[in-house]
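Novice: The chain contents come next:
2 protein chains.
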Amino acid sequence: MDRVIIFDTTLRDGEQSPGISLDVPEKLEIADQLARLGVDVIEAGFPIASQGDFDAVEAIALGVQGATIAALSRTGFQDVDRAWEAVRHAARPRIHVFIATSPIHMAKKLRMTPDQVKAEAAAGVARAASYTKDVEFSPEDGSRSDVDFLCEVLRLAVDNGATTLNIPDTVGYGVPEQFGALIAHIIDTVHGDYVVSTHCHNDLGLAVANSLAGVAAGARQIECAMNGLGERAGNAALEEIVMAIKTRNDYFAGIDTGVKTEELARTSRLVSRLTGYPVQYNKAVVGRNAFAHESGIHQHGVLEDRETYEIIDAKTVGQEAAQIVLGKHSGRHAFSDTLAKMGIRIQGAALNSAFTRFKELADKKMEIAEADLEAIVAEELGSSVVNRFALLSIDLHGGSSSRPTATLVLTDNGEKREVTADGNGMVDAACKAIAETAGFHGRLVDYSVASITSGLDAQANVVVQLEEDGRRASGRGVSTDVVEASAKAYLAAVNRLLRRREAADRDAEVGP
Amino acid sequence: MDRVIIFDTTLRDGEQSPGISLDVPEKLEIADQLARLGVDVIEAGFPIASQGDFDAVEAIALGVQGATIAALSRTGFQDVDRAWEAVRHAARPRIHVFIATSPIHMAKKLRMTPDQVKAEAAAGVARAASYTKDVEFSPEDGSRSDVDFLCEVLRLAVDNGATTLNIPDTVGYGVPEQFGALIAHIIDTVHGDYVVSTHCHNDLGLAVANSLAGVAAGARQIECAMNGLGERAGNAALEEIVMAIKTRNDYFAGIDTGVKTEELARTSRLVSRLTGYPVQYNKAVVGRNAFAHESGIHQHGVLEDRETYEIIDAKTVGQEAAQIVLGKHSGRHAFSDTLAKMGIRIQGAALNSAFTRFKELADKKMEIAEADLEAIVAEELGSSVVNRFALLSIDLHGGSSSRPTATLVLTDNGEKREVTADGNGMVDAACKAIAETAGFHGRLVDYSVASITSGLDAQANVVVQLEEDGRRASGRGVSTDVVEASAKAYLAAVNRLLRRREAADRDAEVGP
Chain A
3 MDRVIIFDTT
13 LRDGEQSPGI
23 SLDVPEKLEI
33 ADQLARLGVD
43 VIEAGFPIAS
53 QGDFDAVEAI
63 ALGVQGATIA
73 ALSRTGFQDV
83 DRAWEAVRHA
93 ARPRIHVFIA
103 TSPIHMAKKL
113 RMTPDQVKAE
123 AAAGVARAAS
133 YTKDVEFSPE
143 DGSRSDVDFL
153 CEVLRLAVDN
163 GATTLNIPDT
173 VGYGVPEQFG
183 ALIAHIIDTV
193 HGDYVVSTHC
203 HNDLGLAVAN
213 SLAGVAAGAR
223 QIECAMNGLG
233 ERAGNAALEE
243 IVMAIKTRND
253 YFAGIDTGVK
263 TEELARTSRL
273 VSRLTGYPVQ
283 YNKAVVGRNA
293 FAHESGIHQH
303 GVLEDRETYE
313 IIDAKTVGQE
323 AAQIVLGKHS
333 GRHAFSDTLA
343 KMGIRIQGAA
353 LNSAFTRFKE
363 LADKKMEIAE
373 ADLEAIVAEE
383 LGSSVVNRFA
393 LLSIDLHGGS
403 SSRPTATLVL
413 TDNGEKREVT
423 ADGNGMVDAA
433 CKAIAETAGF
443 HGRLVDYSVA
453 SITSGLDAQA
463 NVVVQLEEDG
473 RRASGRGVST
483 DVVEASAKAY
493 LAAVNRLLRR
503 REAADRDAEV
513 GP
Chain B
3 MDRVIIFDTT
13 LRDGEQSPGI
23 SLDVPEKLEI
33 ADQLARLGVD
43 VIEAGFPIAS
53 QGDFDAVEAI
63 ALGVQGATIA
73 ALSRTGFQDV
83 DRAWEAVRHA
93 ARPRIHVFIA
103 TSPIHMAKKL
113 RMTPDQVKAE
123 AAAGVARAAS
133 YTKDVEFSPE
143 DGSRSDVDFL
153 CEVLRLAVDN
163 GATTLNIPDT
173 VGYGVPEQFG
183 ALIAHIIDTV
193 HGDYVVSTHC
203 HNDLGLAVAN
213 SLAGVAAGAR
223 QIECAMNGLG
233 ERAGNAALEE
243 IVMAIKTRND
253 YFAGIDTGVK
263 TEELARTSRL
273 VSRLTGYPVQ
283 YNKAVVGRNA
293 FAHESGIHQH
303 GVLEDRETYE
313 IIDAKTVGQE
323 AAQIVLGKHS
333 GRHAFSDTLA
343 KMGIRIQGAA
353 LNSAFTRFKE
363 LADKKMEIAE
373 ADLEAIVAEE
383 LGSSVVNRFA
393 LLSIDLHGGS
403 SSRPTATLVL
413 TDNGEKREVT
423 ADGNGMVDAA
433 CKAIAETAGF
443 HGRLVDYSVA
453 SITSGLDAQA
463 NVVVQLEEDG
473 RRASGRGVST
483 DVVEASAKAY
493 LAAVNRLLRR
503 REAADRDAEV
513 GP
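Protein chains in written order, with the working numbering: chain A, 3 to 514; chain B, 3 to 514.
Worth double-checking, as some hints may not be accurate.
The list cannot tell twin chains apart, which means a pair is met if one copy fits it or any two copies do.
Said to hold, decoys possible - Derived lysine to any residue pairs resembling SDA-like cross-links, with alpha carbons at most 25 Å apart:
| no. | residue 1 | residue 2 |
| --- | --- | --- |
| 1 | K366 | R445 |
| 2 | K110 | S297 |
| 3 | K367 | H443 |
| 4 | K317 | R290 |
| 5 | K330 | I348 |
| 6 | K120 | I299 |
| 7 | K361 | A351 |
| 8 | K366 | A452 |
For the record, the hints were derived by calculation from the structure and aren't laboratory data.
Keep in mind that this is a model prediction, so the values were computed, not measured.
Just chain A, same shape as in the assembly (with noise of 0.2 Å):
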């Protein structure tokens, strides 16, 4: 079997999407579930970018067992030596070094002469390689650059000691036909030993397309991210591209990834859960209508073979997982073994906490899908850190005819306080009462909810995303109740802003 390489870039790229800031024990979570999934390279972040990115891809480096741990890095000295000291713990490193080779790139973004890139791009390269063996060089707009010139940087930067030639598609501008005949006039002309790889975005719908064109003319890495975040309209979608390749392993003759694509459901769950992305219904794969029949002709057609409509089992992609016996009379030994069939590994105190929500959940909830398991115990198991704020008991009245008021039981560090706001709506009342409780006073940046199931007993999860001179931090909650959820999601964005706003008072005393 010929392997092409997944190269996961959620965390990088796919981090970079509007809205999304994930912290260090978020990342870590999702980094562990990537090694589950079988990755086998994950960009954890860009080290030079700020303090919490260098910390994250320092996490997941000590932390993250099973697969290459990459870093990104510009060309400059001081990001590559930045990258290295984040990455260097990792049992297999690798430094991502870029810089852009398009015309447009050189001439308005770094204003540098080709010759200048070329300098760069070897000098980049062979710092990389002083660290590590495991070097990947990507020139940024390659699919825009002149494609000479593009061989003649690719060859430098091989001569210096990359390992893996990544080609971007930047703009997501690549047509399949077009960028595959980039890929194998590049193999072509690159001579040495070195694997080719695509980055592809999805500008034009074409991200997974172009992808796989770059494998057909012979790449042997994709990089690709989880529900196909991303940049702008993302980057290729990991799940199409694995299915692709697995689904028409006739057309891929004799290719495979690594991927255990019984996780890619719950991988998608947990990225647009931590993320507050939502993913479109109708995704393919990992959409929950991905499976689902709805016309009377599919659905007889279905019945009498599923292969009349379907070219994949939803149970390939962990889609319909076994159903879960878990009710409001399971003990906490069963609660804890079903987490643990799923792979989840959570004890002590986020044990028990965990398993009260269960048994509340239950309660008022008929049925409790994985998904509502999931999303309980990721709340849980980020508890371990200090809060100064907690959400004891909401209560609300009002409404169309009286203005919605919310009164809040808050710990504030342990000493209970009440306060109680109005607002246009319930949500805005609740959140109103946290700000002042705890003389918040930035403004909102994002805010979304999305039901984890269906029905009207479905638990809510709502992201919030808050900044306050110039800090950004978001907060997820979860609960049967989209008011409650909105006041935890916020609350949890509080909390986060006052610990960045310790620590960076923290860092001021010390610092210079």
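Got chain A sorted already, so can you dock chain B onto it with the hints?
Specialist: Here is chain B on its own, set in the frame of chain A:
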């Protein structure tokens, strides 16, 4: 210029998505907008499938100007006759006849021999051609059919009067290279005067690429749907097809569509709102972040020159509409003027109540976006129907320390009624109060909530689907309060179910 015909199937294949059930006024609204968008063909439904489908096709054929109106039909004469009956009033009617040609579909679903399928195809097309000169034929599951047999059937269709031959990749199995080759082979092999069309599904994320490979091979019609709606993972997304052909006019040299791209964003929002299917933030072309730049490097590049990271100007697809200057002090004239500029026709009582809603919203929300106005007007446009129940006010109290309770004041055929119910959450309580009042004993099939713009003061758009005695109906509700929006949606669905129940009772009285 070589014109590619854009055949929109949002109202047929798109409406077959699970959980979507549009009624006649909603389908008319979408069809009107599709005509404004400039699609060439609107597939309005499958008349034999249900009375509702028939009525919608007939209403669109009678009321929508500018596009060819197509009706779907199997090969049986009863099907064809019914399709013609529904569509015949259109200025340019088309009958779209289909029968499956793949071995698995013929053996397992149709239980027909290949010869029987050939006879059926010929007879069905001939019947359609006896009514109209515009006959389309589709060999269902074409991409998994024996290619020689496929061409025989297609030849029979042409000989019997088909003027369009549409090649469906029904299960989304195709890859661009092979699908393009199939289209080229058909053009080479089947002689006659016809247009070749593609109909690609997105199960492997390749629907757009396969459609475009078809165009490169000579196809001159593409079947597609807004937001990529359709069975399972959906059809090729209309917006991506159109923008790929436009943006890469160097590659698709001399090829053009008639679509007014500035209407894409609004069409996408309308379809999303009426179907309750959210659009992914990172969806190409119409996602809310499709043109957002997050990383510092990208932002820097775009400030220097937009084209460093942008191949589509957001204005081209209507994503950066002119700012709306309406505020709380705007009068009725400015309001209707703005709507007229947006291409929305509204008058009389609907205009009055839309204006009242707008003033209420302006009191609560700082910035009023075009999407807000669309949502308000969409609700009021449907208000000409007589509803048994109407919501006057909603008040809530309780929360986590006391069980949530909702008190609603409703009118029941004009008579005021107050009702109180409790539930697991605010939404649950409000909906239970409605169910009690209306004597609704069915079940909730689907519940979805999306925010129309971002922000705590954003309006929530809730879509609810209910089922009672085998009948389904959906309802929408919009409000800055998610609980109120949910109650409105639930009530709208209940009203519709009641209308359908009454209509069924009437039919039962009249019928045999």
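Novice: Each hint: holds or not?
Specialist: Okay, the hints, checked on the actual structure:
1. K366 - R445: Cα proximity of K366 and R445: across copies only (16 Å, versus 34 Å in one copy).
2. K110 - S297: between (52 Å within a copy, 17 Å between copies)
3. K367 - H443: between (37 Å within a copy, 18 Å between copies)
4. K317 - R290: within (13 Å within a copy, 32 Å between copies)
5. K330 - I348: within (20 Å within a copy, 52 Å between copies)
6. K120 - I299: Answer is between: at 20 Å across copies they meet the 25 Å cutoff, but 59 Å inside does not.
7. K361 - A351: Within one copy only: 15 Å inside a chain, 50 Å across chains, cut-off 25 Å.
8. K366 - A452: For K366 and A452, the Cα distance is within 25 Å both inside one copy (18 Å) and across copies (23 Å).
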